[in-house]
Amino acid sequence: MSFKFTEDNLLEIERLKKRYPAPQALCLPSLWMAQYQEGYISLEAIDAISQVTTIPAMEIYRVATFYTMFHLEKSDKIEVDVCKTLSCKLCGSDEILKHLESKSDIKINHVECLGSCGTAPVMQINDKNYENLTNTKVDAILKEL
Amino acid sequence: MSQLVKLIIDGQDYEAEQDSLLIQLLIDKEIKVPYFCYHESLGADGNCRMCMVGIEGQKRPQIACDTLIKEGMIVNTKTDTIKQVHTDILELELINHPVDCPTCDQAGECSLQDFYMEYGLHSSKITIEEKVKHNKAIDLGSNVMLDQERCVLCARCTRFTDKITGTHELGIVGRGDEAKVTTMPNRPLSNPYAMNVVDLCPVGALTSKDFRFSQRVWLLESADGVCHGCAKNCSIIIDHNKLKYKDDTIYRFRPRRNDAINGFFICDTGRLSYRELQENRQETPLLDGVKISEDKAIEKAKELILLYKRNTSIIIDANLYTQEIEAIVAFAQEIGADVYAPLDIYRDEAFGDDMLRSSMRAANAQTIINMDINTQKPKKVGLILNFNHPEKFESAATINFLTHTRAETALTLPIATFTESSGSLTNEDGITQFSKKVIHKNIPVPTLIESLKRVSQ
Amino acid sequence: MRECQIVSRKFHIENACTLRVAKEHGAYNSLVKLKEYDPQHITQIIKESMLRGKGGGGAPAGMKWELMPLDDKKPNFLVVNCDESEPGTFKDRQIISKDPHLLIEGIILTCYAIKAKAAYIYIRGEYKEYQEILQNAIDEAYSAGLLKECDITIHRGAGAYICGEKSALLESMEGKRGHPRLKPKQKEPEWFFGNATLVNNVETIATVPFIVKNGADAYRAYGTEKSPGTLLFAMSGHINRPGVYEAEFGTNMLEYINHYGGGIKNGKKLKALIPGGVSCGVLTAKECEGLTLDYEALRSAGSSLGTGGMIVMDEDTNMLEALKNILEFYHEESCGQCTPCREGSGWSDKIVGRILEGNGTKEDLDKLFELADIMNGKTICVFAPSISTVLVSFISKFRDEFEAVVS
Ligand SMILES: Cc1cc2nc3c(=O)[nH]c(=O)nc-3n(C[C@H](O)[C@H](O)[C@H](O)COP(=O)(O)O)c2cc1C
Ligand code: SF4
Ligand code: SF4
Ligand code: SF4
Ligand code: FES
Ligand code: FES
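Line by line, the protein sequences give chains A, B and C. As numbered in my numbering, the first sequence has no gaps in its residue numbers, which increase by one up to the final residue, 146. As numbered in my numbering, the second sequence has no gaps in its residue numbers, which increase by one up to the final residue, 1525. As numbered in my numbering, the third sequence has no gaps in its residue numbers, which increase by one up to the final residue, 1010.
Because the hints were derived from the structure by calculation, they are not lab data. None of the hints are false.
Listed next, the in silico BS3-like pairs over lysine-lysine satisfying Cα-Cα at most 27 Å (straight line):
hint, chain 1, residue 1, chain 2, residue 2
1, C, K676, A, K18
2, C, K731, A, K5
3, C, K889, C, K874
4, B, K1314, B, K1504
5, A, K129, C, K731
6, B, K1199, C, K970
7, B, K1370, B, K1445
8, C, K677, C, K786
9, A, K5, A, K19
10, C, K872, C, K889
11, B, K1138, C, K788
12, A, K75, C, K779
Construct the complete structure from the given sequences, taking the supplied hints into account.
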């Protein structure tokens, strides 16, 4: 299997190259593009990014494993990131988690503070925040997806 | 040259270059401070935080590997505070470390073991079940095995593949206490210098598959030697021993620091060349494939030399010591023989690189050239005396002086290998090293010079 | 309590995120000053205003700006820190989603002052929704010809708290893992691919337009002598109306909580409060009495102001659980580069976990203090010392709760 950036992404890469003093800066942007393109970051994608950024593949691999939002494996389940940090915990995230655990076909990730502490408890699905959660609200959200 | 400045360490006066690294001075002057991540060949990384020292005027202990020497600096390495810091950080280092030295291959040459013995730390206070579990036997490739649980994440090995070989096979992935050294899936460690990471690893996390558990290091004797793998002549340490009822045996070659030649490293081919050196040795004289006594062989050789007087060519292996080559040349003059040392056979462009490896795979080729010895192939003659040269040339008769067996039927006399004899050799850059006899066989094989003497008497 | 709207002025105006509405309410007015002032002059005003960095450290902004070389030998850069990952902190997000043009205006002024031709906004990966609002605003600003002198590029992180630390952030932008760099020995700018770079928090930069427009004195009219101006303080946890409300430094903490937050949830009593993100030492209810919200007061109370994001805990809160929760955060987020933090963050989490399960001993508590000591002042960055602060403050202030469960 080989990986190729889409035409749009290649254009975006060229555009971004002009905005940074060195191509290495395109590491995170291209990792994001690859992940959106394929749903995860494959080794082939890492090689392609290595080309774009002139960073050795191993270093890209190290970067990809450093940041929690990058996935090196494909998952066909809906990824539900639930905040478990203090403010959310104080506002009942444990209950939300317990409720979510009873559901199938979702993958629950316990994540750290999502920057929505004032509207706790929160979860994030596909880059979207769902705040002030209650069990009924969670049900409604999941149903809609 | 930058300026020399004075500083005081533990009450003693020292002089050092301004802005040079404090840790290097401590190491050079053998002032003991524990450290893992610093290595002269790799520079400072500042990750292990072990090399803490007190610097007067600074509130907090500072890492010596990130401290530049300044005029009048006052450094303390032995105060109670500093010792406590060393102990504390060492203890943390041990939290997730198995501390099973008795079964560890590195025992005896592990900095962690040295340090915690010295600081009197014995048991770690975290229970075994709570330790972060990692893989204990990963084959990284190139004969290198990794025990992730023993690793202290000093990043020496990864900096080696990043900065020294530029091959980037190794890396620390993950983060926090889940961080670990690894290769990328299906991309093993594979570069001609890979095994140096075993020497660089300060603990027993990286071991050589070649050497793993074959010997306890404290049972080994170490001697200086010179690698004969190519015209670079890397300086090595030969680790060997002679167990009861066994013969003196080499267990490994390791790099010996020599800034003029190989720095800190050697290539894997050179490192592993000790194996072939000991295999298939020519131990007895042969005539037409049949063992004969040494006396008989010498007698036969003398006969042949006499028979083919003025019709003899001598072929010299370009790996022989200079003293041996000189003796051969003198002998040739005596009997009026032509001398050749054909070099083409040693040329291996694929082997050479711009780090250490030379495409001339003969240790003393430079001496052949310096002595103006004919490097062409010999013309067909009556008798050929081949002193361990790898090629076979046509002639009516042949006398071979060999270190290793060959499918030869001619008259063959065994000779000692370079570890069993002494001599000097000059590398391709003109640097001459002397190499002493290291291996003492139970039944010694005569050296080339000894054999030659007997033949010419 | 004096209402302050230096940064939050347009927060309640509908669609203030659009250029049209923002402009109706005075956005980009401060740019006229660029015709009047040279770069050094702007820096001078910022210095006089005594604006302190709003990303948690409170470092005087003007002094940092002054470190930037203005000799045009190499390009200078501005990096705006929108990593906002300190638990309890959610203020920068209000700016970028409710009044992004204020930030852009601040960036234009700052770039002018430090002679930077390009600015980057490093935004945490989880803020995709707000990033889009911000990007729209940037696009609008480009179309309106506002960004002729400097380019603004958003750089998206991908889930790593440590990338909020400025040198880790720059490593991350350079395409590497977010490992904090060894600290320089003298004062110097930050470096982005070897070029001098200024890193400031979103709110810091968003405060710049007000100061440039109204002068240093106008800013210093708010706050205390040493902590002048305002901050987007925030509340979360057991509070009736959690959220972000701008207030001047020196505001009484409990009054703030009651006034804006409507007091503790369910009529309960306050037990403990973490003043500015989990890195600040916890305060008991008693310690909060009479305390004012400024750097100096919190320092003398043995804690710190941090980002001003207060986490409120009511009388029923189990402090062991709260501590365990924070330690899990640190355990998860340590970059793992240096030994005391990599090992200490995990070990302290495990020990507190053991205590929480009822298997702890008195020695475990002592061990935690020892660990706090090892992690303090010996690491590459101040992440590990924060763990020390948390450990020491929780255990010493709520010692009886901890002692009650250990054997
Ligand atoms: C562990 C750690 C996390 C940090 N996270 C942030 C952050 O999310 N946002 C921020 O603006 N500053 C953060 N900082 C502070 C930055 O290092 C830096 O001081 C700040 O961005 C400078 O801007 P300021 O002076 O305007 O506050 C963090 C520091 C540390 C040590
Ligand atoms: S394997 Fe050895 S050299 Fe490599 S990081 Fe671990 S301890 Fe250091
Ligand atoms: S480079 Fe040549 S001399 Fe050096 S170790 Fe390798 S083979 Fe031996
Ligand atoms: S203190 Fe922690 S977060 Fe900071 S550099 Fe060290 S390991 Fe990384
Ligand atoms: S603690 Fe959950 S969003 Fe901050
Ligand atoms: S040797 Fe100095 S920190 Fe490791």
